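Residue numbers (the working numbering), protein chains in the order written: chain A, 25 to 731; chain B, 25 to 731.
Wrong hints could be hidden among the right ones.
Derived coverage of chain A by chain B (criterion: at least 3 residues anywhere in the stretch with Cβ under 8 Å from a Cβ of chain B; other residues may be distant) [as the list claims (entries may be wrong)]:
#1 101 to 114
#2 124 to 136
#3 155 to 166
#4 259 to 265
#5 426 to 432
Simulated crosslink set (PhoX-like; lysine-lysine; CA at most 20 Å straight-line) [stated by the list, open to error]:
#6 A:92 to B:143
#7 B:509 to B:455
#8 B:263 to A:92
#9 B:592 to A:318
#10 A:318 to B:595
#11 B:592 to A:660
#12 A:463 to A:503
#13 A:272 to B:160
#14 A:272 to B:605
#15 B:318 to A:595
#16 A:591 to B:318
#17 B:176 to B:213
The following label-pair restraints were derived from C-beta to C-beta distances [claimed, not checked]:
#18 A:207 to B:117: 40 to 46 Å
#19 A:176 to B:665: 58 to 64 Å
#20 B:210 to A:220: 56 to 62 Å
#21 B:429 to A:592: 43 to 49 Å
#22 A:76 to B:478: 51 to 57 Å
#23 A:587 to B:524: 23 to 29 Å
Rather than coming from a laboratory, the hints here were simulated on the basis of the structure. No experiment lies behind these values; they were computed from the predicted model shown. Even glycine gets a Cβ: it sits at the ideal position worked out from N, Cα and C.
Number of protein chains: 2
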Amino acid sequence: MGVLKRRAFSIWTPFRRSCTAVFTTKPQSTVSSLRALCSVTESQKKEAFRQAVLNTLERRLFYIPSYKIYGGIAGLYDYGPPGCAVKANVLAFWRQHFVLEENMLEVDCPCVTPEIVLKASGHVDKFTDLMVKDEKSGTCYRADQLLKDYCKDKLEKDLNLSAEKAANLRHVLAVLDDLSAEELAAKIKEYGITAPDTRNNLSDPYPFNLMFQTSIGPSGSSPGYMRPETAQGIFVNFKELYYYNGNKLPFAAAQIGQAFRNEISPRQGLLRVREFTLAEIEHFLDPEDKSHPKFSEILNLEVLMFPREDQMSGRSARIITVGEAVSQGIVNNESLGYFIGRVYLFLTHLGIDKDRVRFRQHLVNEMAHYAADCWDAEIECSYGWIECVGIADRSAYDVRAHADKSGVPLVAYEKYPEPREVEKLVIAPSKKELGLAFKGNQKMVVEALEAMGEKEAMELKAALQAEGEAKFHVCTLDKEVIIKKDMVSISKEKKKEHQRLFTPSVIEPSFGIGRIIYCLYEHSFYTRASKDGDEQLNVFRFSPLVAPIKCTVFPLVQNQQYEEVAKKIAKSLTTVGISYKIDITGTSIGKRYARTDELGVPFAITVDSTSSVTLRERDSKQQIRVNVDEVASVVKELTDGVSKWAVIMLRYPTHSSRPSVTGDFLSYFISVKLVKLLLVEYSTLVAIPQLNDLGMTTATEDRDDVR
Amino acid sequence: MGVLKRRAFSIWTPFRRSCTAVFTTKPQSTVSSLRALCSVTESQKKEAFRQAVLNTLERRLFYIPSYKIYGGIAGLYDYGPPGCAVKANVLAFWRQHFVLEENMLEVDCPCVTPEIVLKASGHVDKFTDLMVKDEKSGTCYRADQLLKDYCKDKLEKDLNLSAEKAANLRHVLAVLDDLSAEELAAKIKEYGITAPDTRNNLSDPYPFNLMFQTSIGPSGSSPGYMRPETAQGIFVNFKELYYYNGNKLPFAAAQIGQAFRNEISPRQGLLRVREFTLAEIEHFLDPEDKSHPKFSEILNLEVLMFPREDQMSGRSARIITVGEAVSQGIVNNESLGYFIGRVYLFLTHLGIDKDRVRFRQHLVNEMAHYAADCWDAEIECSYGWIECVGIADRSAYDVRAHADKSGVPLVAYEKYPEPREVEKLVIAPSKKELGLAFKGNQKMVVEALEAMGEKEAMELKAALQAEGEAKFHVCTLDKEVIIKKDMVSISKEKKKEHQRLFTPSVIEPSFGIGRIIYCLYEHSFYTRASKDGDEQLNVFRFSPLVAPIKCTVFPLVQNQQYEEVAKKIAKSLTTVGISYKIDITGTSIGKRYARTDELGVPFAITVDSTSSVTLRERDSKQQIRVNVDEVASVVKELTDGVSKWAVIMLRYPTHSSRPSVTGDFLSYFISVKLVKLLLVEYSTLVAIPQLNDLGMTTATEDRDDVR
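Next comes chain A alone, as it looks inside the complex:
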């Protein structure tokens, strides 16, 4: 991902952008409603919700501030056991949804990157933030953050603010992302902004490169960086991957891995971090053909889109099908549209609320000059709309940058079915004659002649034919020379071409895995009253796909028989590949349910007899009775998505009360029929005698009472 502007970098600077996007992207509507947005009740509510989520996440070790016993390091977090499992599940689904389904070429490149690679991509020169330093203490701050804080604070708290001053501050917020170092310096001076902690004076803003620098090898002469994104590892391998793909376009390569950005002063907890997992796709395609073979599959998908024009004119995001967006020219091309659709399906399938994900098009001034079109998948959470996936048509910029820097041609070709006849200009300087005439300057003249464009060459040819000689400007000598007829032959020849060579374009969907996971936490979190109503209990409504643990196993009471059954079930869960947690503490069953709800475990097995057990679903709290030998495969069916809970409910008797023989017999009969239909062509009534095996004679209390 090359750049000319800082903002053209992928999704980790954009968080700044999306924070300010409230101001930049909806200038009319938003600026006027700034105070409303910041109204105490609304932001307090969001803050309280976020705190509830964060408390649960930290208490249950979804994450841990890294090196906590040493006081922690800003912007570095560990995933604890459930967080780690959620992340592994999200990545596994990403692989299934993108790599496997699209037959992508996955690669795995190192984080340590030599300087030349990031010089070519533009990161060494341009991947910077503007920084100011406390002149006495040396503490560093991001210049735009200080200015933003000042403006927001004034607007919120200064009741005597004149209308003119307020408008001025709002304008600054709106253009914050576009301010140069000089403009930032001027504003900081104008407002008298000082260091927040000490009130000392600040230095002028200067660029700070956000890459972690290091040195490769012992000599100290090979500077390197920890990669700020994974994309470069794919670009430099284009030639190999193209060959691996049978020299065919389009194809996509993908990479999941760590990326590093040495943020000046990380804020916003889990959203702006110094090390994070990226999952990036580079879809290489012919710049003259950006259609997508599978576009029809997402054509009718309705997604919330926020095109550039709507942002500029103060309209809201609107629902539109991907097909319409492409055919109306809102989205630049089919392949870009295809990935917008696939990203939407990925996010919503994970559990992101479909009404709180939108695709926002970059404004013209947000995009790099070479980009054809860029869209961000933004997810709404308590911090606002957060960019979680960037989807950019980056044209041929990145591949060409590496070809130029390395001198290795990185091109694709299209073989013509029939050779095509083309007219080619042939310029043949006579080195002998030119040598005699220009001596040491011969080489420069030859190069200048060979570099002529078609028009210039044909004019020279005409002049030479008419006059026998002509004036010719040699730019490397910075003077005109006289070229004679015998010094160069210029002609047009017809040639047969068998193929077209070109630098491929790239469409790049780039996923910030940590941000997606954080938003997923917020979208999955809810509270509900405990049975006695005196407490709010936390629940994560993770789908089985995402849930860190699929199932818990509890013996109802501490007794050896039940514990053995629990262990037997645990073993069969392991065999079918279901992650579980066994809890043999004597804690009340209600408390144990509350604990697992807080981890988002979708199913709980309570061992309350030696022949059958209670299976409980987290959100509905419904409970059914299943045979000990069967329960692992039932949980497997549910977590694999083969059957929904509603279907399983039909198949087994409910637990809540002693079953009425008729009712349960009926549902049992229906379920048996369903099963049999799946297995054999005809069903019989032979199942009836097995009814006794179900052991529907155990405890009847509702187990959701907490303390």
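Following the hints, complete the assembly by docking chain B onto the known chain A.
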């Protein structure tokens, strides 16, 4: 993983060790057979085999030298698509085998690590290699490598070497790992070793820290490093993880992630790299109880073991059960033995040849002083026996080091069922009297008194009672002082204790994933003659578990009907989660098989009719006919390990010739019976009419002919 010696670090320095292990660990037998080992034919054979493997791996993009278009960087490699898939499969199985089956707590910590953490672990001070510099060019070399090269070269090539000189050189090789900087310097001087490329003089050896250094945050005042191992992230979280586990021991935490070592001059290709994936387990347990609840499961496992004593006395490694190894005291404890067994099962299940994996115990001088016992799982490949997994009982060293450095207590406790009465020594110095007597030295005297052991304290008490005063040595003052009776009270008191506090011990299995994968490549590689015998074809015999792609789909000839069937099958493979590669080129089917064999694809589906297809197994080259609608689920059955190929063979007609009705009917009948037995209790003959559906009427040529 703390250290006092460089060698006490985990598995990435040990490669050096295992390279020299040939010399250090079997002093008698090996040194005398050194020339034999290095004989041209043997090493040439190994070299040729390695080259064949490496050529195939690089040509088929299992790996790519990183940043190849820029000339590459020593010690950095990319995994290309098949390599990346193999790695993902190995890691998925690792998670299943260790994390899931053992209910481990997996965490995911950043690579960027602040200095204090690695100061505590010992890496900042001790994680070094001795380096020499070319005095003119500045090129750096590892001192021990140069010395080793010199000795080996002399022994191999100098035919006039005296017996005495040869013995001297062999001795140097044997003790290479133990040489200090001064000893290395002396040897380099003695032998007149110069820089290999320039013959310039070399500097004296000096330590070079192998960690990639960087700086966290913009101020430059927070040094950090890229972690050299993942273990520290677990240790610093002990308190949180112990709590998460319900304050119960034993439990294990695990982490998979990148680690970084800035090697001075990496050699040996994929085995010694500057960035690599580690998978580490820290099993926390009570130092007073190192039994393992699941030890009985691996008790009778026979593994090749190479205990310390056998190495020292020149014996060979021998097969022994893990149970015997523990009961005979060869392996220190049950938990260590349990992990040896589990590691063995992991490696052999992946496809590592069971006869070429051994567990080598560390010699006493290889272990850190605090370690209770260490074993390396070494795998034999063309480079010799390579350490791929280290399994160490590291006692309480690491946890204690972080507790000391951070000041946060990192302890576990054992609650007694009944409170226990214990006699406790109570030393109460009188600060007032001591202050009057010792003024500014008071603090040192107080501390020295409090630090007394029981014996010393009781002796002092007796002396004070008898004489009224006594001499007392204060080590921090380095002198004796006179202590009077009123300056300290010493007594023994009976106290009730409800629990025992202790620092947990740690058993650490640490897996070098890249090394395991490389050895797996070598163990899986073989060649076989092409059908016409004029070429050797490469095959990787990967198990379905490991294979990068499970299945290929080929239309036999280029035709739209077959291509559509191929796409239909591809779609159903995706649905059941099987990775496949579709090849619709017009290449001969034999060539296409050869291509997929080289990628280690276990199964190939050739579309040669619209109703049924040919399914071919890679190693046996056997082919059967399966219905189009059925083939994805058959491949799924095979790759999930639910059925073996031999069983599937019974169920379907073979492809090689038109089936004789009787033979195939028989095998079909048997297979139907098997299936039915799985599904329902009784089988019928209703299947006969379906025989026609199998479409066994297509092409009969053998498809393994290559060109």
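Do the hints match the structure? See the list:
1. 101 to 114: Held - the segment 101 to 114 of chain A has 10 residues with a Cβ nearer than 8 Å to chain B, which meets the minimum of three.
2. 124 to 136: This one holds; 11 residues, not fewer than the three required, reach chain B with a Cβ under 8 Å.
3. 155 to 166: This one holds; 4 residues, not fewer than the three required, reach chain B with a Cβ under 8 Å.
4. 259 to 265: holds (count 5)
5. 426 to 432: Holds: 4 residues of the segment 426 to 432 of chain A have a Cβ under 8 Å from chain B.
6. A:92 to B:143: holds, 16 Å
7. B:509 to B:455: It holds: about 13 Å lies between the C-alpha atoms, which stays within 20 Å.
8. B:263 to A:92: With Cα atoms ~10 Å apart, residue 263 of chain B and residue 92 of chain A stay inside 20 Å; holds.
9. B:592 to A:318: holds, 14 Å
10. A:318 to B:595: Given pair residue 318 of chain A, residue 595 of chain B holds - Cα atoms ~13 Å apart, limit 20 Å.
11. B:592 to A:660: Measuring from Cα to Cα gives roughly 27 Å; hence the hint is violated.
12. A:463 to A:503: Holds, at about 15 Å.
13. A:272 to B:160: Not OK: residue 272 of chain A and residue 160 of chain B at ~50 Å, beyond 20 Å, violated.
14. A:272 to B:605: Holds, at about 14 Å.
15. B:318 to A:595: holds, 13 Å
16. A:591 to B:318: Holds: residue 591 of chain A and residue 318 of chain B sit about 13 Å apart, inside 20 Å.
17. B:176 to B:213: holds, 17 Å
18. A:207 to B:117: 40 to 46 Å: Distance hint for residue 207 of chain A, residue 117 of chain B is violated at roughly 56 Å.
19. A:176 to B:665: 58 to 64 Å: Taking Cβ atoms as reference, residue 176 of chain A and residue 665 of chain B lie about 59 Å apart, which means the hint holds.
20. B:210 to A:220: 56 to 62 Å: Roughly 59 Å apart at Cβ, these two residues keep to the hinted range, so it holds.
21. B:429 to A:592: 43 to 49 Å: Because 45 Å falls inside the window, the suggested range holds.
22. A:76 to B:478: 51 to 57 Å: holds, 52 Å
23. A:587 to B:524: 23 to 29 Å: holds, 26 Å
Figure legend: structure checked against the earlier numbered hints; hints not met, in rising order: 11, 13, 18.
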